[in-house]
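Construct the entire structure; sequences and hints are all you get.
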Amino acid sequence: MQVTRREAEMDELALTIQEIDDQIQSKRIEKSSTLETVQKRKAELTSKLANTANSIPTLVHEIQLLLSQISKWEQEKASNAKRVAEIEEKLITLRGLTF
17 MQVTRREAEM
27 DELALTIQEI
37 DDQIQSKRIE
47 KSSTLETVQK
57 RKAELTSKLA
67 NTANSIPTLV
77 HEIQLLLSQI
87 SKWEQEKASN
97 AKRVAEIEEK
107 LITLRGLTF
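Residue numbers for the sequence shown, in my numbering: 17 to 115.
Nothing false has been slipped in among the hints.
Computed cross-link-like contacts, DSS-like style, restricted to lysine-lysine with a CA-CA straight-line distance of at most 27 Å: (1) LYS56 / LYS43; (2) LYS43 / LYS58; (3) LYS47 / LYS64; (4) LYS93 / LYS106; (5) LYS47 / LYS58; (6) LYS88 / LYS98.
No wet-lab data here; the hints were simulated from the structure.
In structure tokens form, the structure reads like this:
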């Protein structure tokens, strides 16, 4: 009787150990999958960050170029305003003449 009881107890313990092992394996698979997903996302973000960082010098150059063009346009605007004033002055002078 005692041997049978001990065998039943051993079988129960073995079954409990197997259930625990199955739970651990399930958790390991779940965590491994999560880790893989996080690693892929990190790689994507790192790639995007590198692309963004690499594009900064180009953007800075383009902004500087546009800023220099704005200065040029402002100079042209001032020059054109001066020409308009000169033309208006000549027209005023011509209006005063009689033929």
